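S.K.: Residues per chain, in single letters:
There are 2 protein chains.
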Amino acid sequence: MRVQSVVHILSLLLIFEGIAMLLPIPFSLYYGDMDYIALLISAGITSVSGILGFFLTKFDQDLRPKEGFAIVTFGWISFSLFGSLPFLISGYIPTLTDAFFETMSGFTTTGATILTNIEILPHGLLFWRSFTHWLGGMGIIVLSLAILPFLGVGGMQLFKAEVPGPTADRLTPRITETAKILWSVYALISLAETVLLMFGGMSLFDALCHTFGTMATGGFSTRNASIGAFDSMYIDYVIILFMIIAGTNFALHYRALTGDIKSYFRNTEFKFFLSIIGIAFILVSIDTFTRYNVIPVAIQDTLFQVVSIVTTTGYGTADYEMWGFSSQVMLFFLMFIGGCAGSTGGSLKVVRIYVLFKFVLSEIVRLVHPHAVVPVRIGDTVVPRDALTNILGMFITFVLLFVLGVLIMAGLGLNMDTALGSVAATLGNIGPGLGNVGPTDNYAFIPGLGKWVLAAFMLIGRLEVFTVIILLSPSYWKK
Amino acid sequence: MRVQSVVHILSLLLIFEGIAMLLPIPFSLYYGDMDYIALLISAGITSVSGILGFFLTKFDQDLRPKEGFAIVTFGWISFSLFGSLPFLISGYIPTLTDAFFETMSGFTTTGATILTNIEILPHGLLFWRSFTHWLGGMGIIVLSLAILPFLGVGGMQLFKAEVPGPTADRLTPRITETAKILWSVYALISLAETVLLMFGGMSLFDALCHTFGTMATGGFSTRNASIGAFDSMYIDYVIILFMIIAGTNFALHYRALTGDIKSYFRNTEFKFFLSIIGIAFILVSIDTFTRYNVIPVAIQDTLFQVVSIVTTTGYGTADYEMWGFSSQVMLFFLMFIGGCAGSTGGSLKVVRIYVLFKFVLSEIVRLVHPHAVVPVRIGDTVVPRDALTNILGMFITFVLLFVLGVLIMAGLGLNMDTALGSVAATLGNIGPGLGNVGPTDNYAFIPGLGKWVLAAFMLIGRLEVFTVIILLSPSYWKK
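Protein chains in written order, with the numbering used here: chain A, 20 to 498; chain B, 20 to 498.
Chain A with its partners taken away, still in its complex shape (with noise of 0.2 Å):
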């Protein structure tokens, strides 16, 4: 390991993780609330602990893919940590276990909350809430276009020609040119959302904290009630398809905003992903029409739970809770599905469980014909042996995950609703989950090692998974 290049890499974001944090300040001051000495000092802290890490250590050797794991892992949680100070020495959440779940949640665009109470935040704190999950969309899209397909992790290297941008071995270059090409597509989206919401009556302020939520696919709102707080059609539908927006892939867009609008419906993944989003719709409609008196609430409140299930947003406009079983169980398995690949949605990918459907049947046909051979492909790809096996192991651990979970959090108290409930929750990076910590409830009452577990599952689910788990490897650490 080259621990140098690593901490010095570390500290150069942690210096623009404490810039970010002046940026709520305008709002705090604003709108005169005290919170933007908090941000101050934590800016402070953050960018000189970022300052004195970079000249007390040198970028030496270039880095490998074993360094990526680390600086991806180590990123988060640092940005995590770091990113709770405004949080702790404003006293608002007064515990680092609390402040940690909420900035963790944040910077994994999770969008689970121990607040119980959101609307007592002062405006730069909320601003900065929201913040976090704007920056963590911003890494997620990067990592996995860009960082992980090089690393091989659960299969990304099925996308490695998707983005345009110099193809050189080593991964610096070619990383930095994506990621200006990806972040102009985000912040062109963000920019055209926020104008959106503006013009249905938000707020500056509130239009850009709910786009920071919805083009993270992160689920932080500045009201208690979520998006049902503005109860406006027009609100949530601009919300529904920047949700859709933000769950598919961004290399798409990208080659729509340059021309290429067919691009879309000439990727299996996305088509397989408006599927996903129509079936889920019909299904749970069977149940929820029967509930509403009129029918285009019930299509706008029933499309935007699913929308914001799938998507992993976890933005709420009604309550799950109060529709049938059958509702509930079909959003529960939605929480495994998530968006696109190279979205800023979270969980398996809608790629991964077209891969695991194929791969089913390719198996039974090897099963009638033991000599055929059956590869699995997408669309007319053919899907490279060591990224199926990639996906399977990364599916098989993501499972493996969930039980040792729900066992956890059931060894903590919690009824099974809750416990599956609160897994799936975060490991899937959508927030609200079922029972005691539904899209009505907050995750406050969660007993201290347990947030800290679901912080965990959270950083796991949304680095997909083996970045996190290759660290515990002893492998890994062997030189």
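Incorrect hints may have been included.
As the list claims (entries may be wrong) - Below, in silico cross-link-like pairs of lysine-lysine (DSSO-like), each with a Cα-Cα straight-line distance of 30 Å or less:
id, chain 1, residue 1, chain 2, residue 2
1, A, K377, B, K377
2, B, K77, B, K199
3, B, K377, B, K497
4, B, K85, A, K85
5, A, K281, A, K377
6, A, K497, B, K377
7, A, K377, B, K77
8, B, K85, A, K377
Simulated from the structure, these hints should not be mistaken for laboratory data. Since this is a predicted model, take the numbers as computed values, not measurements.
Fit chain B to the known structure of chain A by using the hints.
M.R.: Coordinates of chain B only, in the frame set by chain A:
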């Protein structure tokens, strides 16, 4: 498909089933019940159907693997259809849905019941009900150790070399030889259990019925309170011992009986099986020990329920739904493990869980060393590539079917716990589940469609998933 040959074999099996229906009659007569009439009529219908089928078809061509799948699947279905006749004709289970569910539950060694009061059934029917378990268990042992290895289902080819016998390429002679050996072992151990249970004060009738339920890891009892009705520490521990024996690979018992006792402890799967029981016992004890006043009783009850669930038997001596959430969740996940391959236990099987763990570890090592070759091993044996992908395929299909089942059951109005519990308990062939199908409940209240779905899940789970699923594939039916 060589239909004539398939029907010919199925008819032969029906003649055998018809004869088997005569066995309960002495008990009916001894206890002065009237159900011998229904049993006689059923035996007549079944044998005559078998004889007709046998003489109207001829075994004109030898069997290929393709026909193997059909014989196994339709064999279990026709046994369950004809096997439900005694319940229907006697009127004790008046509807085909319920009678078929109960009989399929018997032959698949599941043990889920639709009876709300078992004890009103006459002795002949009770004996037949338990006897379907024992016959199903006979079928499963031969299926898993002699037939499936040649069909390449679920990685069972790993065990091709486990049992001695002629190694001809054609299926029939080898199966016949292997079956004889294994059935002798099965009968011998069953005899031992019957004698031991009679020492504990059971009547011959109860001892036989509970031996059938134990040795097949079935779980049908003659009492409403299951094994708890006998309230005997001795009987509890005898049943615990024989549940473990029934959950162990019968090839190991064969070796032990021919002098090689040590083969148990050279077997990786068996050691892993005992470890799972040990760890589960300890984890559940943490909760149960706080709930009992007398520690020996806590040990006895905890060990019994853990072994009963891991081996997929489903007998009960305590209501685990009165235990803590952690115990219930633990037992729920144990339902997915099951016994050893080549045992009468159901679910995924210990060896597959072991292979899944080893596969995940190998994927992690492969991420650290992308060019390393990291084979998955069981003990010293490298798992061949096709056996590995088959195991992965079965696991994924099992999980997908579980999700599908829970969605269907929730769609029929079952609550989350009951939907999860009923599907896990039927797909894994356990019997009692969670929620409203817990250890003190029954399946009577499930809507008709739900009973058929669950019966299908029992069959799919019992026949290692692919044996049934393959028949739904278009490529199977193509010439």
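S.K.: None of the hints should be skipped; say for each whether it holds.
M.R.: Hints, verified against the model:
no.	hint	in the structure
1	A/K377 <-> B/K377	23 Å, holds
2	B/K77 <-> B/K199	25 Å, holds
3	B/K377 <-> B/K497	37 Å, violated
4	B/K85 <-> A/K85	48 Å, violated
5	A/K281 <-> A/K377	25 Å, holds
6	A/K497 <-> B/K377	20 Å, holds
7	A/K377 <-> B/K77	39 Å, violated
8	B/K85 <-> A/K377	22 Å, holds
Checked against the numbered hints given earlier, this structure breaks hints 3, 4, 7; the rest are met.
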